[in-house]
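Here the structure of chain A is known, so what remains is to put chain B with the ligands in place on it, guided by the hints.
Chains as they are written, first to last, in this note's numbering: chain A, 1 to 910; chain B, 1 to 145.
Since the hints were made in silico from the structure, they are not lab data. Hints should not be assumed to be uniformly reliable.
In the BS3-like style, the derived pairs of lysine-lysine whose C-alpha atoms are separated by at most 30 Å in a straight line are [unchecked claim]:
| no. | chain 1 | residue 1 | chain 2 | residue 2 |
| --- | --- | --- | --- | --- |
| 1 | A | Lys-868 | B | Lys-85 |
| 2 | A | Lys-517 | A | Lys-34 |
| 3 | A | Lys-68 | A | Lys-517 |
| 4 | A | Lys-68 | A | Lys-147 |
| 5 | A | Lys-147 | A | Lys-311 |
| 6 | A | Lys-68 | A | Lys-52 |
| 7 | A | Lys-851 | A | Lys-829 |
| 8 | B | Lys-119 | A | Lys-851 |
| 9 | A | Lys-786 | B | Lys-119 |
Covered stretches of chain A, going by a simulated chain B footprint (3 or more residues, C-beta under 8 Å) [as the list claims (entries may be wrong)]:
| no. | segment |
| --- | --- |
| 10 | 36-49 |
| 11 | 769-783 |
| 12 | 851-860 |
| 13 | 897-903 |
We put the CB at the ideal spot given by N, CA and C, even for glycine.
Listed below are the residues making up each chain.
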Amino acid sequence: MMDAGRHPNIELLSYSAVVDVQGYVGNFQVRVKKKPRYIDLTKCTGCGECVKECPVEVDSEFEVGLTKRKAIYRPFAQAIPPAFVIDKRPSPCKSTCPAHIPVQGYIALIGQGKYDKALALIRETTAFVGTLGRVCHHPCELECKRKDVEAPLAICALKRFAYDVAAPTAPPPAPVERVYGEKVAIVGTGPAGLSAAYDLVRMGYGVTVYEALPVAGGMLAVGIPAYRLPKDVLQQEIDYIKALGVEIKLNTPIGRDGGPTLEDLRRDYDAVFLAVGAHRSRQLNVPGEDLPGVLHSTDFLRALNLGQEVKIGKRVAVIGGGNAAIDAARSALRLGSQVTIVYRRSRAEMPAIPAEVDAAEEEGIAFHFLATPVRILGENGRMTAMECIRMELGAPDESGRRRPVPVPSSEFTLEVDTVIVSIGQQPDLAPLAGVEATGWGTLTADPDTMATPVEGVFAGGDAVTGPASAVWAVAAGKRAAESIHRYLRGLDLRQGRVFEWPKAADIQVEIPAGIEKAARREMAALPMAERKSTFKEVELGFTEEEARAEAARCLSCAVCSECQECVKLCEAKAIDHNMREEFVDLEVGTIIVATGFADFDPTRLPQYSYGRSPNILTGMEFERLTSAGGPTGGEILTAEGKVPERVAIIHCVGSRDVNANRHCSRVCCMYALKHAHLVREMTGAEVYEFYMDMRTFGKGYEEFYERVQEDGVIFVRGRGTEVRVREDGKLVVRAEDTNLGRPVSATVDMVILGTGMEARPDADQVARLFGLGRTADGFFAEAHPKLRPVETNTEGVFLAGTCQGPRDVPDTVAHASAAAAQALALMSKGVVTISPTVSHVLTRFCTGCGKCVLACPYNAISLNGDGKAEVNAALCKGCGTCAAACPSDAIVPLHFTDDQLVAQIVGVLQ
Amino acid sequence: MSGDGFEPRIVAFLCNWCSYAGADTAGVSRLELPPNILPVRVMCSGRVSAEMVLKALLSGADGVLVLGCHIGDCHYGSGNHRTVKRIPLLRRLMTYMGIEPDRLRLDWVSGAEAGHFAKITTEFVEAVRALGPLSLPLREDLDTG
Ligand SMILES: Cc1cc2nc3c(=O)[nH]c(=O)nc-3n(C[C@H](O)[C@H](O)[C@H](O)COP(=O)(O)OP(=O)(O)OC[C@H]3O[C@@H](n4cnc5c(N)ncnc54)[C@H](O)[C@@H]3O)c2cc1C
Ligand code: SF4
Ligand code: SF4
Ligand code: FES
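Excised from the complex, chain A in its bound form (with noise of 0.2 Å):
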């Protein structure tokens, strides 16, 4: 093997699959995918360093699943080439989450206590680490497969704590140096524009943001309450965008009040992106809306969070049932009013964060679900009562969920003092004149690249998408900085980005077998008093211990986690984790296909009990147990690390069974006498082999089942039938012992099942891509079962080793050599003699009318310059299908021609 991988004359496509195969015998066109690597094969040097700090473990395949191995690591000892390889797999939380961050990445640092360097992982993502880990709706929780188990992961309450535990010591950031002399001007500070802020001012541009407000943060700053999300937590995360060199100008409105206009920007500053937000409440269009004591939330909040003093009743009544409306609620309610919330869908349609319903709720809220007022009531201009009627949901509307309509006369009054509108938002478009405005009056932007009609102006956002969420403002910002440095560079906007990752549902993890459940934490809350009385933070973070429990709970779906851990070892700089697939085209007169076979998949016959004992092993994890490389160093030990006193191994399984495979899988027979001969000599345990027949059939075999029947082992002839794991963990093999003529049973420690060979599950896809036919037993069909055994139906391609048929080293190496003769003599011969099944026209009947043109599956036909159909004679295969299809019989297939065909029909028949 090593020799192959060194050859000059052999280059190997290692972590690669073929793709694509078109042509014909010496003229093939291959498209190879070669799957990234992550590591660069040219600057490897197989050292191993990079293995020493990878966080993730999972089961080895080479060593069966008995060890475990990195997500970076070296397929086994004698890997051809010797290089290290990532295993990276797309993940549902990374997949899902808007800001697309490495999440598993930062739980698996969590959970090795190495909590700076999860914050420095997120950072690298975003600088909203503390603010994300408390406000984030985290779609990604829906997706996390630990719910397949028992319940997500507590992504969020995650990120919250590598910010609590690691920021407050983290060093401050150093500027960064500007790399590029453009500008780039940003409207609004929240999280939309100051993740565009903090992605461009890394990448080396100048930034400045304007904020129309005193302070910066968005909606952030003066939407949500401090109960959710403390000052400081916010203040400290712009501090640290600031500290980069983003310059924030707070009270500068654009477009009003004096401020510089959208096109003074446009002339300043070589891009601008707008992330105005949506700040403007819609209007509740009832009777009395006018009265005091009518207030609007984003105003409510806004004056709450400015520590203005806001003046509110006893009885307040919230309408609306977003994020800002509970907000609205929690925060009356810690002013000491009495508070209830309408809302005119149920509860499941609530747009708000589910969990933020339930506090209100805790916390003494009353809800009116499927209500909406249709007036409010005053006396000497003092509101007195708000009048509601009764609602129940109909059909679907635009957005999916059912449009509620009014129940007649159901009218209710709600004795109320203030009513706190929060029925909607959108952005305030007026002082940015020239851009363009949805029929949603949303500003109009690319989704995918967030630009908008006008030339070098960006948007994203609330402003785009109407009221969302901070991490969906935070993807929009990281998009637009990604558009708008491609705009200043000339790059294309699109090409070679993803817009589109994975859906979770198509992403395919395996739940390892017996996984152990495992609780979700959930974090300890302010006492209930505090929480009703003050605006002090009501979720109060995980422990240290919280954070590593819950962090050991993920089930690293996509292996390598993207910590870096490894790039920071590597002192060859050969690991990049930004590979991406590549596609190679070649050129080749020949292929050999060697892609081997599939080992019988025991838990297909439940009676062999496989997976229900450690104890019970397939021939291959035997193989494995007794390898100077394997999990016990070599030694046969039973998973209790006792040496076995008994065991039994069964042949056959999977093999010459009605149901399982019909065929004899060739090799078991022999690879069981090695076993059985292996735990004689190393162990002295009693082994009893099961065996149908005994199937020597190479040279030197039968001489070597002499030696074993001398070791002293127990043959009995007959199929083992049942394997059956005693309470006490003993292990009982029945079978009918057909020389006795009647059932025996042993009991043992250890059961080695002889498990056959079959076809890859992938045979299928294989056999399409090159043109093989299959036989009945899954295997790739060669030309004649006796005298062309590695050849194959389609010129030019051969088989080599157990692709065609089950068989042991020497005799896959025999084919092998054989395959490679056949194709050398090919090549070498320079020219192939094809059948002389072709077709043939005969220009004085054909018309031109091209119907064979467009019937030959190989576009060998063409019509000359005589308007005359023409067969290229290296491309036709002969199939006649032209014939079949010319309307004047001007084309002959050799050797099938009409009249030979009609000879043999009249022959037959008479």
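Same frame as chain A, but now just chain B with the ligands:
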């Protein structure tokens, strides 16, 4: 109808790569096959033109069976895509000519499906036996040649 000793004669067009191989496998496996099947090997089921089918019927066959590779498995990639369009058209044409369309059948047999080959041929022979001999008044006079 089968009581009168009528033995239908069936021309079976077998593509070289799948169905002919399937027939071969059936023979090697010593499966019982109806002797009524008269095989004609073609390279691909796509080679079987309307003319071939009609010629067989006019020359005395009581039924015609066209067997090819399963869709997707055609040795020539798409040869059988043509067959799949052609045969239903031919069956309609046969209806016009006053021939029961069920005397023509298209099916797929892979090289490994010996049992399937035996089953299809046996079934088809029985179906044609039930239809009785094909009587074409003009059989002798008609000639497509
Ligand atoms: C009360 C409330 C609670 C919420 N709770 C949550 C939550 O728990 N979780 C969650 O994920 N999301 C929540 N959201 C939604 C989230 O806050 C927003 O989706 C997010 O802040 C939108 O970010 P943005 O950058 O697009 O806009 P914003 O955060 O609104 O920022 C826009 C900024 O632009 C400024 N601006 C506007 N016009 C101009 C102008 N002409 N010149 C200069 N500056 C201007 C504004 O003053 C503002 O600072 C909540 C929203 C509200 C209102
Ligand atoms: S188990 Fe871990 S990797 Fe998988 S989705 Fe959940 S957090 Fe992500
Ligand atoms: S189908 Fe026949 S007539 Fe038409 S171009 Fe081909 S050979 Fe000529
Ligand atoms: S080769 Fe069998 S149908 Fe085309």
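**Asked** Taken at face value, is the distance from the CA of Lys-829/A to the CA of Lys-851/A at most 30 Å?
**Response** Not OK: Lys-851/A and Lys-829/A at ~36 Å, beyond 30 Å, violated.
**Request:** Can you take a look at whether the segment 851-860 of chain A is actually covered by chain B? Rule is 3+ residues, C-beta closer than 8 Å.
**Result:** Per the Cβ count (3), the hint holds.
**Prompt:** Are there three or more residues in the segment 36-49 of chain A whose C-beta lies within less than 8 Å of some C-beta in chain B?
**Reply:** violated (count 0)
**Asked** Holds or violated: are the alpha carbons of Lys-517/A and Lys-34/A at most 30 Å from each other?
**Response** violated, 38 Å
**Request:** Closer than 8 Å, Cβ to Cβ, for at least three residues: run that test on the segment 897-903 of chain A against chain B and report holds or violated.
**Result:** Check passed, 3 qualifying residues.
**Message:** Between the alpha carbons of Lys-68/A and Lys-52/A, is the straight-line distance 30 Å or under?
**Reply:** holds, 13 Å
**Asked** the segment 769-783 of chain A covered by chain B? Criterion: 3 or more residues, Cβ-Cβ distance below 8 Å.
**Response** Check passed, 6 qualifying residues.
**Message:** For a C-alpha distance cap of 30 Å, please report whether Lys-68/A and Lys-147/A respect it.
**Reply:** With Cα atoms ~24 Å apart, Lys-68/A and Lys-147/A stay inside 30 Å; holds.
**Item:** Lys-68/A paired with Lys-517/A [C-alpha distance capped at 30 Å]
**Value:** holds, 21 Å
**Pair hint Lys-119/B and Lys-851/A, alpha-carbon separation not exceeding 30 Å** = The hint is violated at about 36 Å.
**Message:** What's the verdict on Lys-868/A and Lys-85/B, does the C-alpha distance respect the 30 Å limit or exceed it?
**Reply:** The hint holds at about 26 Å.
**Request:** Take a quick look at whether Lys-147/A and Lys-311/A sit within 30 Å of each other, Cα to Cα.
**Result:** violated, 45 Å
When held up to the earlier numbered hints, the structure conflicts with 2, 5, 7, 8 and 10 and fits the remainder.
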